[in-house]
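Residue numbers (the numbering used here), protein chains in the order written: chain A, 1 to 299; chain B, 1 to 299.
Any given hint might turn out to be false.
[To be verified] Distance ranges between label pairs, derived from CB positions:
| hint | chain 1 | residue 1 | chain 2 | residue 2 | range |
| --- | --- | --- | --- | --- | --- |
| 1 | B | Glu51 | A | Asp205 | 54 to 60 angstroms |
| 2 | B | Asp282 | A | Gly285 | 39 to 45 angstroms |
| 3 | B | Glu209 | A | Asp282 | 55 to 61 angstroms |
| 4 | A | Arg134 | B | Glu153 | 36 to 42 angstroms |
| 5 | A | Val20 | B | Thr266 | 35 to 41 angstroms |
| 6 | A | Leu239 | B | Asp205 | 46 to 52 angstroms |
[Stated by the list, open to error] Computed list of chain A residues with no C-beta within reach of chain B, every gap over 12 angstroms:
| hint | residue |
| --- | --- |
| 7 | Ala190 |
| 8 | Gly203 |
| 9 | Ile252 |
| 10 | Ala276 |
| 11 | Asp282 |
Hints listed in this document are in silico derivations from the structure and should not be mistaken for laboratory results. In this text, all values refer to a predicted model and were calculated from it rather than measured experimentally. The beta carbon of each residue, even a glycine, is placed where N, CA and C say it ideally should be.
2 protein chains.
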Amino acid sequence: MTTTIPAAAPPLAIIAGGGVLPAEVASEVVASGRRVVLIGIHGEAEPAALEPLGRIADSVRLEWLEWGQIGRLLALLAHEGAREVVLAGSISRRPDFRAIVGDFGTLKRLPRIIAAMVGGDDSVLTRVIGLFEREGVTIVGLGDVAPRLLMGEGPQGRCRPDSSAQEAIGAAAAVVTALGTLDVGQAAVALGRRVVAIEGAEGTDAMLERVAALRAIGRIGRGDYTGVLVKGIKSGQDLRVDLPTIGPQTVIRAHEAGLAGIAAETGRVVVVQRAATLAEADRRGLFLSGFARAAGARA
Amino acid sequence: MTTTIPAAAPPLAIIAGGGVLPAEVASEVVASGRRVVLIGIHGEAEPAALEPLGRIADSVRLEWLEWGQIGRLLALLAHEGAREVVLAGSISRRPDFRAIVGDFGTLKRLPRIIAAMVGGDDSVLTRVIGLFEREGVTIVGLGDVAPRLLMGEGPQGRCRPDSSAQEAIGAAAAVVTALGTLDVGQAAVALGRRVVAIEGAEGTDAMLERVAALRAIGRIGRGDYTGVLVKGIKSGQDLRVDLPTIGPQTVIRAHEAGLAGIAAETGRVVVVQRAATLAEADRRGLFLSGFARAAGARA
Chain A
1 MTTTIPAAAP
11 PLAIIAGGGV
21 LPAEVASEVV
31 ASGRRVVLIG
41 IHGEAEPAAL
51 EPLGRIADSV
61 RLEWLEWGQI
71 GRLLALLAHE
81 GAREVVLAGS
91 ISRRPDFRAI
101 VGDFGTLKRL
111 PRIIAAMVGG
121 DDSVLTRVIG
131 LFEREGVTIV
141 GLGDVAPRLL
151 MGEGPQGRCR
161 PDSSAQEAIG
171 AAAAVVTALG
181 TLDVGQAAVA
191 LGRRVVAIEG
201 AEGTDAMLER
211 VAALRAIGRI
221 GRGDYTGVLV
231 KGIKSGQDLR
241 VDLPTIGPQT
251 VIRAHEAGLA
261 GIAAETGRVV
271 VVQRAATLAE
281 ADRRGLFLSG
291 FARAAGARA
Chain B
1 MTTTIPAAAP
11 PLAIIAGGGV
21 LPAEVASEVV
31 ASGRRVVLIG
41 IHGEAEPAAL
51 EPLGRIADSV
61 RLEWLEWGQI
71 GRLLALLAHE
81 GAREVVLAGS
91 ISRRPDFRAI
101 VGDFGTLKRL
111 PRIIAAMVGG
121 DDSVLTRVIG
131 LFEREGVTIV
141 GLGDVAPRLL
151 MGEGPQGRCR
161 PDSSAQEAIG
171 AAAAVVTALG
181 TLDVGQAAVA
191 LGRRVVAIEG
201 AEGTDAMLER
211 VAALRAIGRI
221 GRGDYTGVLV
231 KGIKSGQDLR
241 VDLPTIGPQT
251 VIRAHEAGLA
261 GIAAETGRVV
271 VVQRAATLAE
281 ADRRGLFLSG
291 FARAAGARA
């Protein structure tokens, strides 16, 4: 990094869960000329991914917190002058109640936290965002601070979807759109016009393994139809939390399932390890393409 | 069977694919006092299931045909005076072209058959039905000739869905309804309000195995939420072909997936081996319940 960062500019805080995404976000933000307070959640974030960034001492301050230490988190943000927070990476555990009890700042806010958790019709995440905002902290989206990590428009690598792939994309995208309001089915696989798999709790990788297995036993066409994976987001999803992700593994699994490529909603799906993902797609002859949801679709 | 059947009444023809359903339909129809021409498709229908019925010589005439012998089929129907046909059982192969070439009646109609196959926007099955109807043969539905084989209204066995199960049924039924027009997703599993699996080409049994596996690894709640399987039909599906089916295996797999029961659309889902299915459900403490799709739903 040769960028000179004015020390006085307010830093961006990144609350880091698992995977490589938090480190990628931090790199992008630092490269854009902004300081970062990188907050790893113990047991979720990967030290091996975050610690190298912590060594860029003038641009990145790395801290570790327990799940639920909201008081310590808010104190840290105030101390660092960070008013914007981005959430990145996967969270697999629930908050540790002992950490909450040991954190005076959290305990003090507990009535408000509980009210946020139990009240209203919004999702828990939307209410947690409201809780932060009442403390003067704004949650921003990946697209606001690291737009290059999101899927671009059209083909991203060397391969392009042909007309039969476009037909399959349309079929799978129709399913993703139909399920958009129902908090399920953010990904689907179509072979030609036939949708053969819809993602539930198993995740995209497991769904692609299922397609590979169904093809191997001849339950669905082996190579007769062009197959595609489509990933999108829920209708009205808050773009600041929990965006769907693709990466090199997605490309490898899609290839093993005999698919011709992957289409994902432009600006709404994260491409982790972008260079490696594109290299894998080019090497295996898969397209990787961004699409905008059709106007009039329930998006 | 003690029913006396007037020999002069026109018989019902049953074109039999795989599984136990064709034999069940034949028994029901004979019990209702109507003769049956039972036509097994070689390589699909199970001789062990059909041959015992063939021995009730005054009520059932059993014949075997190759896939694609439409000429021989129409000649047989004419000879037996059968003007109504019901399709029952699964078909896993495609017509054997050699059988078509060897059947003069089929060859003669080939231009019309090809026109039916390639023309129009309807499904192939709808067009095949039209082809039969132009020959003076009517395709009827299971509900017309053996309504007792279809799911009834409300709880069928000893167990009933409680309010948390009703909530899960609502969540999974919303997914089945949303996908209704898209020719996919006729079954879904919900744990509480969360839909965790949607059926694609893998079939209901494989989807239930997936749910069991996801529960075993703790990816979805182990027993915290009431789980249900919901099965429905496509919007506007022709009720004369390819109705979804549940049976004893479905109950066993649903139980192994930790579900509390199965809800299926009343009058639109077949319950094969009804007595065994209900006994299995009662023994394992699962409910088996018929529901009408909500008015206003896209059905």
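Cross-check of the supplied hints:
Between Glu51 of chain B and Asp205 of chain A the beta carbon distance is about 47 angstroms. The supplied range of 54 to 60 angstroms is therefore violated. Distance hint check for Asp282 of chain B and Gly285 of chain A: the Cβ-Cβ separation is about 54 angstroms, which falls outside the suggested range of 39 to 45 angstroms. About 36 angstroms separates the C-beta atoms of Glu209 of chain B and Asp282 of chain A, a value inconsistent with the hinted range of 55 to 61 angstroms. Roughly 50 angstroms separates the CB atoms of Arg134 of chain A and Glu153 of chain B, a value that falls outside the hinted 36 to 42 angstroms.
Judged by the Cβ atoms, the range 35 to 41 angstroms given for Val20 of chain A and Thr266 of chain B is violated: they are separated by roughly 50 angstroms. Look at Leu239 of chain A against Asp205 of chain B: about 38 angstroms separates their beta carbons, and that is not inside 46 to 52 angstroms. A Cβ of chain B approaches the Cβ of Ala190 of chain A within 12 angstroms, the least distance being about 9 angstroms, so the stated non-interface status is violated. At the 12 angstroms boundary, the C-beta of Gly203 of chain A falls inside the reach of chain B, the nearest C-beta of that chain being 8 angstroms off.
With a least CB separation of 21 angstroms from chain B, Ile252 of chain A remains clear of the 12 angstroms interface cut-off, as annotated. For Ala276 of chain A, the condition that its CB be more than 12 angstroms from all CB atoms of chain B holds, with the nearest at approximately 26 angstroms. Against chain B, the non-interface label of Asp282 of chain A holds: every CB pair exceeds 12 angstroms, the least being about 29 angstroms.
Of the numbered hints stated above, those contradicted by the structure are hints 1, 2, 3, 4, 5, 6, 7, 8, listed in ascending order.
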